[in-house]
Amino acid sequence: MQRYRTTIGIATGVILVLVFSLWWWSRQHEERQALFKDPESPALAREQAMIDDILTRHDQGDLVGEIQQLESYLAEHPRQTDAWFQLGLSYLETGQDERVIAIMEEIRVNDPDYYPDATWYLGLSLLKTDRIAEARQIMQELVDGPDAFYSAKAAIVLERFL
Numbered sequence: 506m507q508r509y510r511t512t513i514g515i516a517t518g519v520i521l522v523l524v525f526s527l528w529w530w531s532r533q534h535e536e537r538q539a540l541f542k543d544p545e546s547p548a549l550a551r552e553q554a555m556i557d558d559i560l561t562r563h564d565q566g567d568l569v570g571e572i573q574q575l576e577s578y579l580a581e582h583p584r585q586t587d588a589w590f591q592l593g594l595s596y597l598e599t600g601q602d603e604r605v606i607a608i609m610e611e612i613r614v615n616d617p618d619y620y621p622d623a624t625w626y627l628g629l630s631l632l633k634t635d636r637i638a639e640a641r642q643i644m645q646e647l648v649d650g651p652d653a654f655y656s657a658k659a660a661i662v663l664e665r666f667l
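So the sequence shown is residues 506 to 667, counted in this note's numbering.
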């Protein structure tokens, strides 16, 4: 019986030490995380504010303001393909087709996730600038490609315009 009580006492002591150690570690972990959280928060808030401003300008039809904000954002975040793609679309809407072509060609090379989208808008911009042979080649690439959505659209463009 004495041995049983000793074993229970030791087990209880070990459990208490483990619980206390876990509590102490979690408190230290939270404090350390707080040290790293605060310095980033203003930067993240500023970035989110820029993105919100860009989206607001787009929704309001302020394409010139949207382009200026996107260019400013991309100066600080040059690897943001989403922003480059949106800038290309904004250029397309404002008739800056040569800029669209440059951006979409770059996106096609650097981001496979955007490849079908960038290829489509590249083809449209080439068509708008009367670069017919290049536009035909790009549209044929889409027709032959795996993306059914753009394949169907490109087939229509080839049939009607090229």
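One or more of the hints may lead you astray.
Claimed, not checked - So the derived label-pair ranges between C-beta atoms look like this:
1. Asp-616 to Val-522: 50 to 56 angstroms
2. Leu-667 to Pro-583: 31 to 37 angstroms
3. Asp-564 to Pro-651: 28 to 34 angstroms
4. Asn-615 to Ile-637: 23 to 29 angstroms
5. Glu-552 to Ile-661: 55 to 61 angstroms
6. Glu-610 to Gln-553: 28 to 34 angstroms
7. Ala-580 to Leu-521: 16 to 22 angstroms
8. Val-522 to Ala-580: 31 to 37 angstroms
9. Gln-585 to Ile-637: 20 to 26 angstroms
10. Glu-611 to Ala-660: 40 to 46 angstroms
For the record, the hints were derived by calculation from the structure and aren't laboratory data. Here the structure is a predicted model, which means the values were calculated and not measured. Glycine included, each C-beta is placed from N, C-alpha and C at the ideal position.
These are the hints, each one checked on the structure:
1. At roughly 52 angstroms, the beta-carbon separation of Asp-616 and Val-522 lies within the given 50 to 56 angstroms, and the hint holds.
2. At roughly 34 angstroms, the beta-carbon separation of Leu-667 and Pro-583 lies within the given 31 to 37 angstroms, and the hint holds.
3. A hinted range of 28 to 34 angstroms holds for the C-beta pair Asp-564 and Pro-651, which are about 33 angstroms apart.
4. Evaluation of the 23 to 29 angstroms hint for Asn-615 and Ile-637 yields a pass: the beta carbon distance comes to about 26 angstroms.
5. Roughly 39 angstroms separates the CB atoms of Glu-552 and Ile-661, a value that falls outside the hinted 55 to 61 angstroms.
6. At roughly 30 angstroms, the beta-carbon separation of Glu-610 and Gln-553 lies within the given 28 to 34 angstroms, and the hint holds.
7. Here the CB-CB span from Ala-580 to Leu-521 is close to 57 angstroms, at odds with the stated 16 to 22 angstroms.
8. A hinted range of 31 to 37 angstroms for the beta carbons of Val-522 and Ala-580 is inconsistent with their spacing of about 55 angstroms.
9. Hint check: Gln-585 to Ile-637, Cβ distance near 33 angstroms, so the stated range 20 to 26 angstroms is violated.
10. As the Cβ distance of Glu-611 to Ala-660 is approximately 26 angstroms, the hint placing it in 40 to 46 angstroms is violated.
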